[in-house]
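Engineer: Given the coordinates of chain A, work out where chain B should sit on it, guided by the hints.
2 protein chains.
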Amino acid sequence: TVPTCRVIGEYFDQITFPFKRYQIQPAFRAEKPQKGRYREFVQADIDIFGSNSPIADAECIAASIDLYQTLGFKNTVVLINNRDLLSGLPYPVIAAIDKLKKIGPDRVLSEIQQKGYTLSQAREFLTAASKTTPDNKLQTIFDYLLTSGFSKTSFQFDPTLMRSFSYSQGPIWEITLPEYQTASFGGSVGGGERYDNMVERITGRKIAGTGVAFGFDRTLEALEVYQLLPTIKPNTKVLVTIFSPELLTTSIKIGTVLRAENINTELYPNESEKLDKQLKYADKKEIPFVIFIGPEEAAKKLVKLKNMQERTEKVISISEAVTLLSGNL
Amino acid sequence: TVPTCRVIGEYFDQITFPFKRYQIQPAFRAEKPQKGRYREFVQADIDIFGSNSPIADAECIAASIDLYQTLGFKNTVVLINNRDLLSGLPYPVIAAIDKLKKIGPDRVLSEIQQKGYTLSQAREFLTAASKTTPDNKLQTIFDYLLTSGFSKTSFQFDPTLMRSFSYSQGPIWEITLPEYQTASFGGSVGGGERYDNMVERITGRKIAGTGVAFGFDRTLEALEVYQLLPTIKPNTKVLVTIFSPELLTTSIKIGTVLRAENINTELYPNESEKLDKQLKYADKKEIPFVIFIGPEEAAKKLVKLKNMQERTEKVISISEAVTLLSGNL
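Line order of the protein sequences matches chains A and B. For the first sequence, my numbering assigns the number 67 to the initial residue and increments by one for each residue that follows. For the second sequence, my numbering assigns the number 67 to the initial residue and increments by one for each residue that follows.
Possibly wrong hints are sitting among the right ones.
Note that the list lumps identical chains together, so a pair holds whenever it fits in one copy or between two copies.
[What the hints assert, rightly or not] Listed below are the simulated DSS-like cross-link pairs for lysine-lysine, each with C-alpha atoms no more than 25 angstroms apart in a straight line:
{"#": "1", "residue 1": "Lys272", "residue 2": "Lys350"}
{"#": "2", "residue 1": "Lys343", "residue 2": "Lys203"}
{"#": "3", "residue 1": "Lys101", "residue 2": "Lys367"}
{"#": "4", "residue 1": "Lys340", "residue 2": "Lys203"}
{"#": "5", "residue 1": "Lys140", "residue 2": "Lys167"}
{"#": "6", "residue 1": "Lys140", "residue 2": "Lys319"}
{"#": "7", "residue 1": "Lys319", "residue 2": "Lys218"}
{"#": "8", "residue 1": "Lys167", "residue 2": "Lys367"}
{"#": "9", "residue 1": "Lys351", "residue 2": "Lys272"}
{"#": "10", "residue 1": "Lys340", "residue 2": "Lys272"}
{"#": "11", "residue 1": "Lys303", "residue 2": "Lys372"}
{"#": "12", "residue 1": "Lys346", "residue 2": "Lys272"}
{"#": "13", "residue 1": "Lys203", "residue 2": "Lys319"}
{"#": "14", "residue 1": "Lys218", "residue 2": "Lys272"}
{"#": "15", "residue 1": "Lys272", "residue 2": "Lys343"}
{"#": "16", "residue 1": "Lys372", "residue 2": "Lys346"}
What the hints contain is simulated information worked out from the structure, not anything from laboratory work. Bear in mind that the values here come from a model prediction, so they are computed numbers and not experimental data.
Extracted from the complex, chain A is given alone in its bound form (with noise of 0.2 angstroms):
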């Protein structure tokens, strides 16, 4: 968020307003590494400056949950909060609570008073942020997302959400899985927030923002434990082999041939294997549609097409087999 926020004022006079960005790059943390937390992890971002609507934050919001259950988490719960309702809450206070789902009320009130608190004011400060019930704010974003078609299941007010991050204000949200809640960071992949000053603390230009953060690592790690990875199918749609080496330069000529058409082309890279090395090669890798191009199918200028999955071959013209495989046949 800070390095865009540096952006943002440097480039302000040549960016139309409200400006929408999204990026994924490399990104490093401060605090202390840990399993799934480590040093530099790559962080997919979204965000829109230059409104201070709740719509801005209801729009990242949706894409939020929009984005998990494309993955196919179809429990995605968006935990939603409001810093606003907290004015009264000192700082440490927020950064206590806000650890309550991991280390339970016990010990978050025992932090509280670590922080110079007694018990009864740790525990006025806990009921005080427990009851708090949505704002105006929070009721448009709830109505934005329910308009849009999303499922009441799929986001959720929290009221002890805090977002640890010193500089959230107004709208703040957590992205969970409950699919994944035995992951040592409890089932969080990523959290948004509103930060309308934070342009300002650091070019001095008075501009909104809002957005998302997800951590691509965490949700790469999720949808392995899920088994939600889709299989990669090569994407190749025709083998040309290789019939010896003086046939070589043939091969070349169609591949070439059918590369300027488009097609998916291999050409087989060893021009002293076996025939039948090469046929097994374009069958482990499921590539439908192989040419063979001997000496009498040169001589004529013809290509033996074989259709794998048929199991069946023909002869024909090199603008015969661009044509079928053009297609989708």
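Structural biologist: For chain B alone, kept in the frame of chain A given last:
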């Protein structure tokens, strides 16, 4: 290259060879950082494992030329040599001659002498290196490139190209942009080599390898200097404006319908901004269509669709708007 070789060795039995892979990732260099040669940089690689044929090298070289021509560098030249031709040269001599284009022959000669050779020996080394001619492997590569339709000017035999990596063996090449010669690193934006023994040295498994690495940051810098970076236009097709806070829900609904139809839709992220300013935003961002829903349209379940180029507008049903915006009008 080294981390890739480790992966290849480790997953040897799950990989179908010949194995082609490409990747873009941050990398770190051990050498002294300098301008354009940062400690951390972004690198793009293409590699082929499991083929010892020069066709594998040729395919990587072809991809190199193709890539830079596609980026807009009309005069890309790939310099090509074969390390096998230099087998008589000691490695420190190879490392010295590698700097020929940067520091000139006199300083190369004195650097060879510093390695413990006499001036006449140094001259002999340099002459021997300069006098080599392409062998069969290089000829196969050149034939591949010409047969594939690359022009004679897009690649070039360079007997003094050395690639100072100690693990290079067989074909080596470097991609140069003559447009970019003024740069401190001599116009080279990437290079490749065969490294047949690398996997074995690291993992004990004998698997041939060849590949090329492109300097992403340098390439980006060259694109900027030669103004080849494309102008990125927003791909938003329609902006849904918000007439007033009271009609916010109506606008959200329309936006949701359009998005569900895969129409790139922006909802103006501020319900209390004047329509005037919302329209100006669409204009500045060159969004081709704008939808307005005032109290009249809302009552009749219609929308006002404005074509920003033609400056025309019509009041139509939502499904008509979907049809119009889905087309390529």
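Engineer: Take the hints in turn and mark each one as holding or not.
Structural biologist: We went through each hint and held it up to the structure:
no.: 1; hint: Lys272 <-> Lys350; in the structure: between (59 angstroms within a copy, 21 angstroms between copies)
no.: 2; hint: Lys343 <-> Lys203; in the structure: between (66 angstroms within a copy, 23 angstroms between copies)
no.: 3; hint: Lys101 <-> Lys367; in the structure: neither (61 angstroms within a copy, 53 angstroms between copies)
no.: 4; hint: Lys340 <-> Lys203; in the structure: between (70 angstroms within a copy, 20 angstroms between copies)
no.: 5; hint: Lys140 <-> Lys167; in the structure: within (22 angstroms within a copy, 59 angstroms between copies)
no.: 6; hint: Lys140 <-> Lys319; in the structure: between (49 angstroms within a copy, 23 angstroms between copies)
no.: 7; hint: Lys319 <-> Lys218; in the structure: between (59 angstroms within a copy, 17 angstroms between copies)
no.: 8; hint: Lys167 <-> Lys367; in the structure: neither (72 angstroms within a copy, 46 angstroms between copies)
no.: 9; hint: Lys351 <-> Lys272; in the structure: between (56 angstroms within a copy, 22 angstroms between copies)
no.: 10; hint: Lys340 <-> Lys272; in the structure: between (69 angstroms within a copy, 20 angstroms between copies)
no.: 11; hint: Lys303 <-> Lys372; in the structure: within (12 angstroms within a copy, 43 angstroms between copies)
no.: 12; hint: Lys346 <-> Lys272; in the structure: between (64 angstroms within a copy, 21 angstroms between copies)
no.: 13; hint: Lys203 <-> Lys319; in the structure: between (65 angstroms within a copy, 19 angstroms between copies)
no.: 14; hint: Lys218 <-> Lys272; in the structure: neither (35 angstroms within a copy, 58 angstroms between copies)
no.: 15; hint: Lys272 <-> Lys343; in the structure: between (66 angstroms within a copy, 18 angstroms between copies)
no.: 16; hint: Lys372 <-> Lys346; in the structure: within (13 angstroms within a copy, 58 angstroms between copies)
Violated hints for the displayed structure, listed by number in ascending order: 3, 8, 14.
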